[in-house]
Amino acid sequence: MQLLDDAQALNDSLPPEQRIDDVLERLQSRESKPKLVELPSLETFCSEQGLELDFYSEQELLQLMREHYGLDQVRDESDQESFSQDGVQISPQVRALNTLQTYLAKPLLPTDSIALWVSAALCRRLALAGVATVDDLVRLQAACGPTWYRKVQGLGQVRADRLLGWLQSHGLLDAAAAKPVAEIVATAIVPLEQLGIPQALQGRSGGFRAMGPNAYGAECDQQAWDAWLRPYEGQPRTWETYRREIERFVLWAVLERSRALSAMTTADCLAYRDFLTRPPARWVSGGVRPRSAASWRPFRSGGLDPVSVRHGLGVVRNLYAAWLEAGYVVANPMATVLKQVKLPAPAADAKRGFTAEQWRWILAQVPVVAQGLRARRLAALLRLLTETGLRLDELVRARMGALEPIHLEPEPDSGHTEEELAYLLHVEGKGGKPRVVPMSAALVDQLLELHQLVDQVNPAAGSCADLERPLLGALQGPVGQRGGEARVAMGRAGLYKLLKRFFRRLARLAVKQGRQDADRLAAASTHWLRHTFARQAIAQDAPIGVVQEVLGHSSQRTTSEIYVLQERTRLLRTMLQVHRTGRT
Numbered sequence: 001m002q003l004l005d006d007a008q009a010l011n012d013s014l015p016p017e018q019r020i021d022d023v024l025e026r027l028q029s030r031e032s033k034p035k036l037v038e039l040p041s042l043e044t045f046c047s048e049q050g051l052e053l054d055f056y057s058e059q060e061l062l063q064l065m066r067e068h069y070g071l072d073q074v075r076d077e078s079d080q081e082s083f084s085q086d087g088v089q090i091s092p093q094v095r096a097l098n099t100l101q102t103y104l105a106k107p108l109l110p111t112d113s114i115a116l117w118v119s120a121a122l123c124r125r126l127a128l129a130g131v132a133t134v135d136d137l138v139r140l141q142a143a144c145g146p147t148w149y150r151k152v153q154g155l156g157q158v159r160a161d162r163l164l165g166w167l168q169s170h171g172l173l174d175a176a177a178a179k180p181v182a183e184i185v186a187t188a189i190v191p192l193e194q195l196g197i198p199q200a201l202q203g204r205s206g207g208f209r210a211m212g213p214n215a216y217g218a219e220c221d222q223q224a225w226d227a228w229l230r231p232y233e234g235q236p237r238t239w240e241t242y243r244r245e246i247e248r249f250v251l252w253a254v255l256e257r258s259r260a261l262s263a264m265t266t267a268d269c270l271a272y273r274d275f276l277t278r279p280p281a282r283w284v285s286g287g288v289r290p291r292s293a294a295s296w297r298p299f300r301s302g303g304l305d306p307v308s309v310r311h312g313l314g315v316v317r318n319l320y321a322a323w324l325e326a327g328y329v330v331a332n333p334m335a336t337v338l339k340q341v342k343l344p345a346p347a348a349d350a351k352r353g354f355t356a357e358q359w360r361w362i363l364a365q366v367p368v369v370a371q372g373l374r375a376r377r378l379a380a381l382l383r384l385l386t387e388t389g390l391r392l393d394e395l396v397r398a399r400m401g402a403l404e405p406i407h408l409e410p411e412p413d414s415g416h417t418e419e420e421l422a423y424l425l426h427v428e429g430k431g432g433k434p435r436v437v438p439m440s441a442a443l444v445d446q447l448l449e450l451h452q453l454v455d456q457v458n459p460a461a462g463s464c465a466d467l468e469r470p471l472l473g474a475l476q477g478p479v480g481q482r483g484g485e486a487r488v489a490m491g492r493a494g495l496y497k498l499l500k501r502f503f504r505r506l507a508r509l510a511v512k513q514g515r516q517d518a519d520r521l522a523a524a525s526t527h528w529l530r531h532t533f534a535r536q537a538i539a540q541d542a543p544i545g546v547v548q549e550v551l552g553h554s555s556q557r558t559t560s561e562i563y564v565l566q567e568r569t570r571l572l573r574t575m576l577q578v579h580r581t582g583r584t
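Under the numbering used here, the letters of the sequence shown match residues 1 to 584, in that order.
It should be emphasised that the hints constitute simulated quantities derived from the structure, not laboratory data.
This one's a predicted model, so the numbers in the text were calculated from it and none came from an experiment.
The C-beta atom is built at its ideal place from N, Cα and C for all residues, glycine as well.
There's no promise every hint is true.
[As the list claims (entries may be wrong)] Simulated crosslink set (EDC-like; lysine to aspartate or glutamate; CA at most 16 Å straight-line):
| # | residue 1 | residue 2 |
| --- | --- | --- |
| 1 | LYS430 | ASP393 |
| 2 | LYS500 | ASP519 |
| 3 | LYS497 | ASP393 |
| 4 | LYS339 | ASP274 |
| 5 | LYS433 | GLU394 |
| 6 | LYS430 | GLU394 |
| 7 | LYS151 | ASP136 |
| 8 | LYS433 | ASP393 |
| 9 | LYS339 | GLU325 |
[Claimed, not checked] Using C-beta positions, here's what the derived DEER-type ranges look like:
| # | residue 1 | residue 2 | range |
| --- | --- | --- | --- |
| 10 | GLY154 | ARG19 | 41 to 49 Å |
| 11 | ALA335 | ARG289 | 32 to 40 Å |
| 12 | THR44 | LEU373 | 17 to 25 Å |
| 13 | HIS170 | GLU428 | 53 to 61 Å |
Work out the full structure: start from the sequences and follow the hints.
Structure below.
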């Protein structure tokens with residue numbers, strides 16, 4: 001190997017006190033392979049260790065597994081690998097090469113052939129772009145600016161930025177020229193926080209900018225949309241939804257229309273509506289991607305359905321309406337778009353939910369699929385959701401201190417001859433609207449009994465009379481927590497996944513038992529329980545207005561759809577009975 005020969009020749013020429021025998025020894029040694037450890041699946045690991053699978057995130061579970069099997073421990077000092085600044089492991093051979101580089105290093109010169117420094121494949125691509133020397137590469141970047149790499153076939157932004165950083169490290173390029181392309185100009189589809197908007201598209205002089213000051217104190221569009229989003233920071237889900245829609249609109253405006261938001265016209269907004277239904281393939285990731293990934297895109301699986309399109313356009317319309325009211329713009333280009341476009345308004349699917357017979361069967365399967373405290377908690381969860389109609393977010397935020405006991409006095413005329421205890425749960429509903437949800441004393445007793453059982457198993461959990469205790473909490477606290485598990489609510493995602501797994505298991509049981517509703521069970525989710533509550537209430541002749549108030553529906557139309565479904569069921573059953581009687 002030529003490198004070893006050169007290193008040996010260099011070593012022979014050095015004085016004894018400067019010889020690099022250890023470097024040569026590391027280069028010539030063969031690195032031992034690490035021992036392999038066969039790891040169980042996450043579910044098996046959690047089962048063996050008694051961990052609460054529904055509580056921990058996947059990242060936390062992986063960390064626990066690494067700690068359990070000692071995967072984070074370094075080797076003996078003699079075999080320990082070093083790490084670079086970005087956390088990448090560096091083998092002894094690589095460290096030896098880095099040491100050797102200081103002895104054999106040759107300075108990079110503008111007159112050097114590019115072939116001396118890059119791979120043969122990249123050299124051929126650069127040659128086709130007229131780059132033969134290092135100086136040619138510097139001149140190409142200077143002539144074409146941040147998008148210079150587009151002149152080189154097969155060269156992407158990441159490798160281009162590395163080349164510029166390499167030139168800068170040798171003093172052949174200034175720091176500004178070597179900045180990543182996304183920091184200079186918007187040339188790629190990236191998350192909003194990474195987008196570099198050209199100065200001409202920042203909206204400092206947008207076509208519909210209002211003259212004079214504005215209530216936001218904003219000087220450009222980004223400051224204005226940040227100011228509009230800021231009040232929603234206390235509502236994470238709402239903020240995330242609005243940010244996503246604004247992000248799509250900004251990226252499209254900058255990358256596809258080359259317009260500032262404050263310069264968009266109604267024609268632009270109509271074009272954006274069409275874009276939402278059919279985004280080009282390069283805008284679609286094809287799955288969930290972290291925002292830090294180069295493969296991130298604003299759309300996961302193609303165009304949006306009509307309801308999602310309507311929602312996205314509505315968010316943008318509200319943004320412009322707020323800008324108009326704040327004196328930032330003089331017109332709302334999205335104001336008439338929804339009126340011109342025939343999109344179905346979002347409507348509840350009244351067919352979601354379970355019949356009384358299905359619900360009895362579902363409850364009977366709880367001890368089949370869960371045992372111990374998990375079975376008790378699952379039963380309480382199902383009863384709580386179907387007796388209150390709570391939304392998942394409302395349940396996650398609900399605390400025992402929000403329960404108000406109500407002593408109902410006897411009403412002999414209406415058949416209530418004894419005093420009765422009931423509860424009102426005070427919740428913050430959709431849009432921050434407060435409402436009260438009735439709860440029976442039997443349901444509250446079931447929750448208190450569950451809390452007592454949890455406290456017996458985990459004495460450090462705290463008092464079951466804690467007013468800050470969630471109605472339904474995790475059975476185990478988060479990693480590293482000591483005590484206070486009673487205050488740990490199950491997360492929204494954890495509750496949703498728990499019930500989805502439950503319904504999928506029920507679907508498999510239904511198939512084995514020959515039931516005809518396996519597909520419905522497999523499709524069921526937490527929201528089905530809310531509809532089940534409404535169907536059961538209406539079936540027992542509860543007035544629509546009462547059901548609407550308990551559910552927190554802003555429109556009686558949503559509740560009426562469930563009522564109409566129940567009435568159709570009654571109509572069909574009545575007439576079928578008439579037909580049967582007539583034939584006998």
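Problem set entry | Structure versus earlier hints, numbers of those that do not hold, lowest first | Hint check: 9 fails alone, others pass.
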